[in-house]
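J.: With these hints in hand, go ahead and build the complete structure from the sequences.
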Amino acid sequence: MKPFKDLFILIKKDILNELKTGGVLISMLIFSLLVVVIFSFTLESILSRVKELGAVLIWMTIIFASVIGLNYSFSVEKENAAIKAVMLTPVDRGVIYMGKMLSNFIFILIIELFTVPVFLLFSNYPLMKVIPPLTIILILGTAGISSVGTILSAISTSTKRRDILLPIILFPIIIPVLIGSIRCTEIIFLGRSLRLEAGNWIAMLGAYDILFIVVSFLIFEFVLEEL
Amino acid sequence: MATLKAEKIKKYFGQRKVLSDVNLQLENGELYVLFGPNGSGKTTFTLIISSLLKPTEGLVTFENKDVYKQDASYRKKVGLLTHSTFLYENLTGFENLKFYGALYGILDIKRRIDELSLLFEIETRMNESVRNFSRGMKQRLSIIRTLIHNPEVILMDEPYTGLDEIGVQILEGQLSNYRKSGKVIFMTTHNLLRGYGIATRIGILSRGRILFESEKKKIERNELNEIYRRLIRNETF
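Residue numbers (this note's numbering), protein chains in the order written: chain Y, 12 to 238; chain S, 24 to 260.
Derived by calculation from the structure, the hints in this document are not laboratory data.
Treat each hint with caution, since some may be false.
Simulated pairs of lysine-lysine, DSS-like, Cα-Cα distance not exceeding 25 Å [what the hints assert, rightly or not]:
(1) Y/Lys-95 - Y/Lys-16
(2) Y/Lys-95 - S/Lys-33
(3) Y/Lys-13 - S/Lys-92
(4) Y/Lys-16 - S/Lys-92
(5) S/Lys-28 - S/Lys-77
(6) Y/Lys-23 - S/Lys-133
(7) Y/Lys-89 - Y/Lys-16
(8) Y/Lys-13 - S/Lys-99
(9) S/Lys-99 - Y/Lys-95
(10) Y/Lys-89 - Y/Lys-23
(11) Y/Lys-171 - S/Lys-77
(12) S/Lys-92 - S/Lys-28
(13) S/Lys-99 - Y/Lys-23
(14) Y/Lys-171 - S/Lys-40
(15) Y/Lys-95 - S/Lys-77
(16) Y/Lys-16 - S/Lys-99
(17) S/Lys-241 - S/Lys-203
(18) Y/Lys-95 - S/Lys-133
T.: Right under this line is the structure:
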């Protein structure tokens with residue numbers, strides 16, 4: 012039970028810290044809403060004809076907004092070297108990773124909770140029909156982004172050019188997540204069955220999430236030593 | 024008897040040698056003060072015996088077990104204070120201590136925080152954001168963070184940083200009590216006067232080597248001052 016208790020304490024601290032400042036979550040939200048509104052207005056005529064394009068736009072918005080949050084994720088830990096004191100507590104290093112990963116996962120989901128419905132409304136997608144299957148894909152895709160993003164954020168935080176470095180190393184690695192998520196979202200937007208047509212993509216997304224969570228959990232101890 | 028032992032510790036950062044063959048043994052009820060100029064390796068050595076930093080060569084053991092292989096069991100017993108406060112600036116003093124206390128699994132966290140904040144005289148500031156604290160207040164809070172889980176091994180790197188006279192007196196009083204209760208205490212400082220006053224054993228580190236070591240009772244303060252100056256001068260020039 013202790014790892015779960017520790018996990019809860021770590022996530023609670025991240026949420027409390029964000030509630031105190033609000034800076035990052037609000038920045039992510041403003042950015043993603045702006046992008047969605049701009050896309051919706053400028054591409055209105057194309058989106059009504061080419062439904063697939065909506066999938067690309069929504070995932071591009073999510074990934075760019077995520078980078079804003081991920082970049083900040085470990086800088087708060089590096090300020091006053093607080094992460095060192097956390098490392099010195101009896102908490103398992105892998106649990107520290109899981110705590111940070113789940114905090115990022117929650118923050119990105121919060122952004123999606125506001126951004127996706129706005130995008131669907133502006134782009135005239137059938138809200139009630141699209142939202143249930145899209146929720147599954149958003150959870151799988153966001154888990155992929157936060158699992159890889161968290162470990163890469165920890166790595167890039169210890170470098171001088173962390174703001175630039177994170178997207179450079181993150182984007183190539185999450186290409187499978189992006190492709191899988193976009194393909195599944197396309198199928199949903201075209202009104203086709205996710206179960207019949209996207210089984211392989213969903214399996215791939217699930218496998219990717221598990222693989223990167225397990226690998227990151229195991230190697231996080233070594234990444235922490237460089238922080 | 025709990026013993027913290029560092030044997031033949033060497034540490035390189037790239038090509039630069041920071042520590043060479045440092046040996047040290049700390050016993051219960053002992054307050055060891057390590058003096059040394061800037062860049063002598065005091066912080067590196069403190070981090071190594073805390074288990075936060077691995078030496079390039081050498082072994083650190085606590086109760087005859089390698090501290091890097093003990094995982095959580097050693098970390099639970101160590102309290103570390105460094106130049107960095109290890110505090111979250113956006114959280115209040117209370118929230119910071121509650122967070123660390125919870126990670127150490129302290130049952131009655133609030134009582135422990137109240138007790139220590141009263142002791143270090145910052146109880147009226149505990150609900151303020153750490154960002155608004157002065158350096159001295161942050162140091163007091165950081166000392167409480169170090170002691171929150173009542174550690175068996177207390178490691179303090181330059182603990183006087185930013186502390187006013189009252190803060191120093193409270194800290195020294197507490198360290199003295201902890202020493203009498205049988206804890207292992209290790210401290211580094213530039214301040215010969217303060218360090219000498221509180222120590223039971225002293226050492227001088229320069230350029231990564233312990234050049235001098237003595238029981239405090241075997242050396243006068245002026246003598247220590249002279250030895251320190253001579254050793255540091257010889258090492259520098």
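J.: Each hint needs a verdict: does it hold in this structure or not?
T.: Hints, one by one, checked against the model:
no.: 1; hint: Y/Lys-95 - Y/Lys-16; result: 20 Å, holds
no.: 2; hint: Y/Lys-95 - S/Lys-33; result: 21 Å, holds
no.: 3; hint: Y/Lys-13 - S/Lys-92; result: 20 Å, holds
no.: 4; hint: Y/Lys-16 - S/Lys-92; result: 24 Å, holds
no.: 5; hint: S/Lys-28 - S/Lys-77; result: 14 Å, holds
no.: 6; hint: Y/Lys-23 - S/Lys-133; result: 17 Å, holds
no.: 7; hint: Y/Lys-89 - Y/Lys-16; result: 23 Å, holds
no.: 8; hint: Y/Lys-13 - S/Lys-99; result: 14 Å, holds
no.: 9; hint: S/Lys-99 - Y/Lys-95; result: 14 Å, holds
no.: 10; hint: Y/Lys-89 - Y/Lys-23; result: 18 Å, holds
no.: 11; hint: Y/Lys-171 - S/Lys-77; result: 23 Å, holds
no.: 12; hint: S/Lys-92 - S/Lys-28; result: 14 Å, holds
no.: 13; hint: S/Lys-99 - Y/Lys-23; result: 21 Å, holds
no.: 14; hint: Y/Lys-171 - S/Lys-40; result: 24 Å, holds
no.: 15; hint: Y/Lys-95 - S/Lys-77; result: 14 Å, holds
no.: 16; hint: Y/Lys-16 - S/Lys-99; result: 16 Å, holds
no.: 17; hint: S/Lys-241 - S/Lys-203; result: 20 Å, holds
no.: 18; hint: Y/Lys-95 - S/Lys-133; result: 23 Å, holds
Going through the hint list in order, the structure satisfies each hint without exception.
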